[in-house]
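Be aware that the sequence shown starts at 196, since it is given in this note's numbering, and climbs by one per residue.
Derived by calculation from the structure, the hints in this document are not laboratory data.
The beta carbon of each residue, even a glycine, is placed where N, CA and C say it ideally should be.
It is possible that part of the hints are untrue.
What the hints assert, rightly or not - Here are the simulated distance ranges between beta carbons: (1) 238 to 208: 39 to 47 Å; (2) 218 to 273: 40 to 48 Å; (3) 266 to 210: 22 to 30 Å; (4) 267 to 200: 14 to 22 Å; (5) 224 to 260: 58 to 66 Å; (6) 266 to 235: 38 to 46 Å; (7) 237 to 202: 28 to 36 Å; (8) 229 to 260: 41 to 49 Å; (9) 272 to 244: 36 to 44 Å.
To be verified - Each computed SDA-like pair below joins lysine to any residue, with the alpha-carbon atoms no more than 20 Å apart: (10) 271 to 259; (11) 203 to 272; (12) 271 to 260; (13) 203 to 247; (14) 203 to 266; (15) 203 to 271; (16) 203 to 256; (17) 267 to 255; (18) 267 to 215; (19) 203 to 252; (20) 271 to 215; (21) 203 to 255; (22) 203 to 215; (23) 203 to 263.
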Amino acid sequence: MPSHPELKDVAGYGRFLLYLIFLLIAIAIIVQPFTNVTNIIYAFSWGLAIAFALAVIPLAYLLVPLAYLLVKRIAKEI
196 MPSHPELKDV AGYGRFLLYL IFLLIAIAII VQPFTNVTNI IYAFSWGLAI
246 AFALAVIPLA YLLVPLAYLL VKRIAKEI
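From just these sequences and the hints, can you work out the full model?
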């Protein structure tokens, strides 16, 4: 992200989340015939969803002041 270096941390987080989602979907498709494994993956994916939802809180705490400064800078340019 050369055009927005301030969002470098967010891009890493998003990339990790995207890779993890694709990995979970691929594993779920492979082990679909096995009911016990599918239930374990189902529970694991709910746990990951809750963990990432909780991880968004510090990310929002980081991005709100950044967005405010960006809007303030754009307003000065207009």
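Verification of the supplied hints:
Distance hint check: the CB atoms of residue 238 and residue 208 are about 23 Å apart, inconsistent with the given range 39 to 47 Å. For the hinted restraint 40 to 48 Å between residue 218 and residue 273, the CB-CB distance of approximately 44 Å keeps it satisfied. A hinted range of 22 to 30 Å holds for the C-beta pair residue 266 and residue 210, which are about 26 Å apart. A hinted range of 14 to 22 Å holds for the C-beta pair residue 267 and residue 200, which are about 18 Å apart.
Separation of residue 224 from residue 260 is about 41 Å and departs from the stated range, judged on CB atoms against 58 to 66 Å. Between residue 266 and residue 235 the C-beta distance comes to about 45 Å, which sits within the given range of 38 to 46 Å. For residue 237 and residue 202, the hinted distance range of 28 to 36 Å is satisfied, since their beta carbons lie about 33 Å from each other. Between residue 229 and residue 260 the beta carbons are some 47 Å apart, a value that agrees with the proposed interval 41 to 49 Å.
For the hinted restraint 36 to 44 Å between residue 272 and residue 244, the CB-CB distance of approximately 39 Å keeps it satisfied. Using a Cα cut-off of 20 Å, the hinted pair residue 271 and residue 259 holds, with the two alpha carbons roughly 18 Å apart. A C-alpha spacing of about 24 Å is found between residue 203 and residue 272, which places the hinted pair above 20 Å, so the restraint is violated. Distance hint between residue 271 and residue 260 is fulfilled; the C-alpha atoms sit about 17 Å from each other, no more than 20 Å.
For the suggested pair residue 203 and residue 247, the alpha carbons sit about 18 Å apart, so the restraint of at most 20 Å is met. For the hint pairing residue 203 with residue 266, the CA-to-CA distance comes to about 19 Å; that is within 20 Å, so the pair holds. Between residue 203 and residue 271 the alpha-carbon distance is near 24 Å, which puts this suggested pair outside the 20 Å criterion. Between residue 203 and residue 256 the alpha-carbon distance is near 16 Å, which keeps this suggested pair within the 20 Å criterion.
Taking the CA atoms of residue 267 and residue 255, the gap is near 18 Å; set against the 20 Å cutoff, the hint holds. Between residue 267 and residue 215 the CA atoms are separated by roughly 35 Å; this puts the pair beyond 20 Å, and the hint is violated. The suggested pairing of residue 203 with residue 252 holds, with an alpha-carbon distance near 17 Å, which does not exceed 20 Å. Between the alpha carbons of residue 271 and residue 215 the distance comes to roughly 40 Å, so the proposed pair goes past 20 Å and is violated.
Proposed proximity of residue 203 and residue 255 is supported: the alpha carbons are some 14 Å apart, at most 20 Å. Restraint check for residue 203 and residue 215: satisfied, since their Cα atoms lie roughly 19 Å apart, inside the 20 Å limit. As the CA atoms of residue 203 and residue 263 are separated by approximately 17 Å, the hinted pair is consistent with the 20 Å bound.
The structure shown violates the earlier hints numbered 1, 5, 11, 15, 18 and 20.
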